[in-house]
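Each protein sequence line maps, in turn, to chains F, E, C and X. Position in the first sequence counted from 1, then plus 6, gives you the working numbering. Position in the second sequence counted from 1, then plus 6, gives you the working numbering. Position in the third sequence counted from 1, then plus 6, gives you the working numbering. Position in the fourth sequence counted from 1, then plus 6, gives you the working numbering.
Calculated directly from the structure, the hints in this document are not laboratory data. Some clues are possibly wrong.
Since copy identity is lost for identical chains, a pair holds within one copy or between any two.
[To be verified] Derived lysine-lysine pairs resembling BS3-like cross-links, with alpha carbons at most 25 Å apart:
(1) K12 <-> K160
(2) K158 <-> K28
(3) K69 <-> K207
(4) K160 <-> K28
(5) K154 <-> K333
(6) K12 <-> K60
(7) K158 <-> K60
(8) K12 <-> K81
(9) K76 <-> K12
(10) K12 <-> K28
(11) K81 <-> K323
(12) K12 <-> K265
(13) K332 <-> K200
(14) K69 <-> K53
(15) K332 <-> K158
(16) K265 <-> K323
(17) K207 <-> K124
(18) K60 <-> K28
(19) K81 <-> K69
The primary structure of each chain is shown beneath.
Number of protein chains: 4
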Amino acid sequence: MIVILKGNTTPESVDSLVGNLKSFGLDVHISRGNLHTVLGLIGDTGKIDIDQIKMLNFVEDVKRIQEPYKNANRKFHPDDSIIRVGDAQIGGKTMTVIAGPCSVESEEQIITVARAVKASGAQLLRGGAFKPRTSPYAFQGLREEGIKLLLKAKKDTGLPIVTEIMDLSQLELFNEVDVIQVGARNMQNFELLKQLGHTQKPILLKRGLANTYQELLMSAEYIMAFGNENVILCERGVRTFESYTRNTLDISAVPVLKKLSHLPVIVDPSHAVGIAEFVPPLAMAAISAGAAGLLIEVHNNPACARCDGMQSLTPEKFATLMRRLKKLETALLED
Amino acid sequence: MIVILKGNTTPESVDSLVGNLKSFGLDVHISRGNLHTVLGLIGDTGKIDIDQIKMLNFVEDVKRIQEPYKNANRKFHPDDSIIRVGDAQIGGKTMTVIAGPCSVESEEQIITVARAVKASGAQLLRGGAFKPRTSPYAFQGLREEGIKLLLKAKKDTGLPIVTEIMDLSQLELFNEVDVIQVGARNMQNFELLKQLGHTQKPILLKRGLANTYQELLMSAEYIMAFGNENVILCERGVRTFESYTRNTLDISAVPVLKKLSHLPVIVDPSHAVGIAEFVPPLAMAAISAGAAGLLIEVHNNPACARCDGMQSLTPEKFATLMRRLKKLETALLED
Amino acid sequence: MIVILKGNTTPESVDSLVGNLKSFGLDVHISRGNLHTVLGLIGDTGKIDIDQIKMLNFVEDVKRIQEPYKNANRKFHPDDSIIRVGDAQIGGKTMTVIAGPCSVESEEQIITVARAVKASGAQLLRGGAFKPRTSPYAFQGLREEGIKLLLKAKKDTGLPIVTEIMDLSQLELFNEVDVIQVGARNMQNFELLKQLGHTQKPILLKRGLANTYQELLMSAEYIMAFGNENVILCERGVRTFESYTRNTLDISAVPVLKKLSHLPVIVDPSHAVGIAEFVPPLAMAAISAGAAGLLIEVHNNPACARCDGMQSLTPEKFATLMRRLKKLETALLED
Amino acid sequence: MIVILKGNTTPESVDSLVGNLKSFGLDVHISRGNLHTVLGLIGDTGKIDIDQIKMLNFVEDVKRIQEPYKNANRKFHPDDSIIRVGDAQIGGKTMTVIAGPCSVESEEQIITVARAVKASGAQLLRGGAFKPRTSPYAFQGLREEGIKLLLKAKKDTGLPIVTEIMDLSQLELFNEVDVIQVGARNMQNFELLKQLGHTQKPILLKRGLANTYQELLMSAEYIMAFGNENVILCERGVRTFESYTRNTLDISAVPVLKKLSHLPVIVDPSHAVGIAEFVPPLAMAAISAGAAGLLIEVHNNPACARCDGMQSLTPEKFATLMRRLKKLETALLED
């Protein structure tokens, strides 16, 4: 971190600030010029509050040089992280596809879809048991029962399962769940993130609707700082002025997050765009941009899905997409 | 709700859809024209999922006529709701000011600030005990101890207290808290909202950074649907492309929310703009636009505040603002 | 401007960059520390392209200390600018209200409205002759004929007139127009701004839908750099995810722009919110936040207005608003 | 268009509105139900102002069924349009790459880059002569001289040229230019669009920073309505809260615009992301999403580029990207 002091700062002010900064365990290097004095801080500046230093009337500006996240930072962990889940892995050279219905509705439904997506090549099964719904009057998911049905589908197909947690109090129900999803609305539910940091479960962390890359990485840092390194980042669209699509898929998130972090980055085109016919081109784009995998909604009867039917692919369309994705992957790997 | 069918829809399709809609307990009125057939649905359409109906290939469009919220809706509750908290009330003809530091730091600090804001005319004391911070390495609040200190300040000054809950597991610590704040990041933490609906505590519900008016009202509806009618809506800025200010205060939220809902609407200019010198003009604007009150950060030593110092007013500047606000209020009431 | 070099920068690289910077006529002060070397640039850094310097591989960061605008900058012109237009002035202690229909439709219409708004206390008349419409099939304004009708209304009432230019080729038709408006869509039509800089006409410059404060000030700078100092800034709402209102009025723009610039700042609540019933509370808010004036749409028959009827006040509602605004102004001035 | 009337609308009101609508040359079909009366309008509803009808107190809602654009609409022109420019074509089965420097700086520079991009397989040469710059003090382009240099590069390489117009007054200088670019800031410069509609030049129309898909198509409609069908749509990033990248590339624009319109859709990843290292993955993503082509900045010496050096590829990196794009294209075409 660099602190730029105004030209007319008194030596007393400099000394006082330097002393204060050293009390945080930092080394402070002073560069004096005619025009400005510049302090270079060495050490762990993560605890320094930039805004507070900016408030001092002799401070011209403060500039963070290091990112405020360490565990998630590629600088300190140059190799890609690979998260292993059963036989699957997320983050390696080949893409991983997580597919399934938005919400678990019945044993028949989830097993039918699970078999179909497995047949097409999906490596993990997704399905919502606890559903965050804007309206208190909308279907809230089968909840505990939904998790039981997912576990039956896992037993039937061997696919590891991914499902969303909405509150800490539900955590004990997730013992046999393979990957715990934290939804966009909970990306900054910091108490939840802390507790997930105390487990060793892989966490699929979705970017919030209006959260920056850095905020997403800071939320990953919450989980990692408490001991759980198994975090998967997921871009699922941000909110913009454009209302034709449900959200706006920020495809640049893929290469940017991969540069900033070693964590695997996957993309959820279904929630991003919200309209089934646009899911395949966006899925193709995500893999071409370097995503480690995809999260795709598939439903055996989209028109009757209890939520988000509009964005679900039929098993047939999913199979076609998987064939195209595999060709694409081959072409990209040859390179 | 109105469902517009395409011109060439077969009678069988119409019958099937009508039957399906009636199974939700709705009356369906059919208007047949040369060009389109239009279904008018009467009854509680809150449970109908618009997106699912839109997916039917013979449906041209679906249009919700009624808002999806009932308890929060002014149409069914024309008079302004007034939330009483101790001697204070929020939502009546006169403005209510909630003031205090971003976070509780020490007994001396909170009592000093509490006395100062009371002397200037604030009716409630705010202070953060549990602090949502972007970084896991930043100060997370005094937590349980912070609530104890707030209660001491309440005892000392008689001011009712407002403080933020971050997770359901903290709820029992809030027994003596007068108003429970739900922060912007938790506006769609639906499990939390449901549980708060089972209390009778006044809930100060902040609008999320990228949430629409309707989503804010739906979150209020979550609380109200479970039995707690004491909800205060709070506009605190939304996220836009403009980065000079912390967020962009959406002043239109005040008259719009007042039109749509009977719940009191207050404004937090401190978090919205993030820079102390701009808080007074925005506070004045909020009251002129019809806000029922304000949430303002005041700190006895902003340059040393452990969070958000940049946006805190000193007690002196707060006193000046309160004098101007009272003159403004008088002028507006005369009208 | 401050350039922070990486710690391992060679003396040759430093010399080469310093030489390059001096060739722009800048003084360069070098501060050498153990950790970083920092260059402080003195002089007119407006021509330096930050991005290019950032590309050098030994540059850690570049930080602009001075704003890139000079003529519009309050630092070099501490007193408020006052723009005089006939008997009216914009930017003084008292508010100035510019009112009239969105578009000029007929002689009777514009004269009726002009008389009505004058009677209520408006100091200038607005009316669109050239209309920027999203659709090529929508009414495009009476164009040259519209300007003639505005001049008739000016003759009849004595009110100076404000109307929008859409292209340089129209400039000669604006000889007798008192204030030339540059609409939000043309805020960065730089060729137009340059030519307006060669006139001495007051220019009402509207902020673009997604333009920052700095970009607005840079567009003002375009006009001023070519010799025309008579620029009025206008906040008219920015585009966000909220679609209930037409745009989102950024009320913070008022105090922020007033801090950064000496130019008068007015607000157009009609275009910002797009719904007539919300115009009065937003107009009140704008004046309370410190705006120098308002731009308000008034139409004698909003339901038949050829554009933007939904956001126009009737003359009666405008009269009521003006009475309230004057009371408000009195209360604010007493202070 | 469908107009939904409130249940208690009097027959007189219905008659009056129907009469009014018929005066626009529309057929009006009336569907009377117990609950609502619904009017279905047949004919060219492009001239009907929805907002004005909504203002009538007996109107519940108005719903546009048809898109307000006709010439650009795929419904009336199911086949993809192909724009031919010299030997190149934009919109066919194979991708078209337009490459070159942000701005033309010298004869040597433009010819060097032109030869390099041609060698790598680019089909058209881009280069800015008139440069829209936020600051009046920044380099504004070589202007007329820049166009002359582009024509020399065209003569040298045979590549057709694409360059931006900023104002109508420049039009005569564009006689020998092959494709005229309308920049994002001028997307709603309607007078310019109209005049370009009177030429037969291919127009590369960039989406504005905060413009919707429909607004982009309406701007294309302006050009087409005046007789010029040769419009190429270009997605180049929209403005969001994320500031790490210059803008946010809206990759969904590709499949959505292709569904709505028959016009070719290309992508400019350079301006969208603003950082050279992220251009290749976004270019790959764009082609995978179905884009007809790319607009890519290439500069022989990015660190010395007079504008936008940060986002320019070197000729070497461009050559590598082109090799990867061709492999990708082959894999996609096999499908």
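How the hints compare with the structure:
1. When the C-alpha separation of K12 and K160 is checked against a cutoff of 25 Å, the pair qualifies neither within a copy, at 63 Å, nor between copies, at 42 Å.
2. Proximity of K158 and K28 under a CA criterion of 25 Å is satisfied in neither setting, with 57 Å inside one chain copy and 34 Å between copies.
3. In the homo-oligomer, the alpha carbons of K69 and K207 never lie at most 25 Å apart, since the shortest distance is 36 Å inside one protomer and 42 Å across protomers.
4. When the C-alpha separation of K160 and K28 is checked against a cutoff of 25 Å, the pair qualifies neither within a copy, at 54 Å, nor between copies, at 37 Å.
5. In this assembly of identical chains, the alpha carbons of K154 and K333 never lie at most 25 Å apart, being 35 Å within a copy and 45 Å across copies at closest.
6. Taking identical chains as interchangeable, the C-alpha atoms of K12 and K60 lie at most 25 Å apart whether they share a chain (11 Å) or sit on different chains (23 Å).
7. Proximity of K158 and K60 under a CA criterion of 25 Å is satisfied in neither setting, with 56 Å inside one chain copy and 32 Å between copies.
8. Taking the shortest alpha-carbon separations for K12 and K81, only the inter-copy value of 16 Å comes in at or below 25 Å, while the best intra-copy value is 32 Å.
9. For a Cα distance limit of 25 Å, the shortest separation of K76 from K12 across copies, 20 Å, qualifies, whereas the shortest one inside one copy, 31 Å, does not.
10. With identical chains, the CA atoms of K12 and K28 are at most 25 Å apart both within one copy (20 Å) and between copies (22 Å).
11. With identical chains, the CA atoms of K81 and K323 are at most 25 Å apart between copies only, with a shortest distance of 24 Å across copies and 40 Å within one.
12. In this assembly of identical chains, the alpha carbons of K12 and K265 lie at most 25 Å apart only when taken from different copies (20 Å versus 34 Å within one copy).
13. Taking the closest pair of Cα atoms, K332 and K200 never come within 25 Å of each other, the shortest separation being 37 Å inside a single copy and 44 Å across copies.
14. In this assembly of identical chains, the alpha carbons of K69 and K53 lie at most 25 Å apart whether taken from the same copy (14 Å) or from different copies (23 Å).
15. Neither within a single protomer nor between protomers do K332 and K158 lie at most 25 Å apart by alpha-carbon distance, with minima of 28 Å and 45 Å respectively.
16. Proximity of K265 and K323 under a CA criterion of 25 Å is satisfied inter-copy only: 18 Å between copies versus 33 Å inside one chain copy.
17. Taking identical chains as interchangeable, the C-alpha atoms of K207 and K124 lie at most 25 Å apart only when both belong to the same chain, with a minimum of 22 Å there against 49 Å between chains.
18. For a Cα distance limit of 25 Å, the shortest separation of K60 from K28 inside one copy, 17 Å, qualifies, whereas the shortest one across copies, 30 Å, does not.
19. For a Cα distance limit of 25 Å, the shortest separation of K81 from K69 qualifies both inside one copy, at 19 Å, and across copies, at 23 Å.
The structure shown violates the earlier hints numbered 1, 2, 3, 4, 5, 7, 13 and 15.
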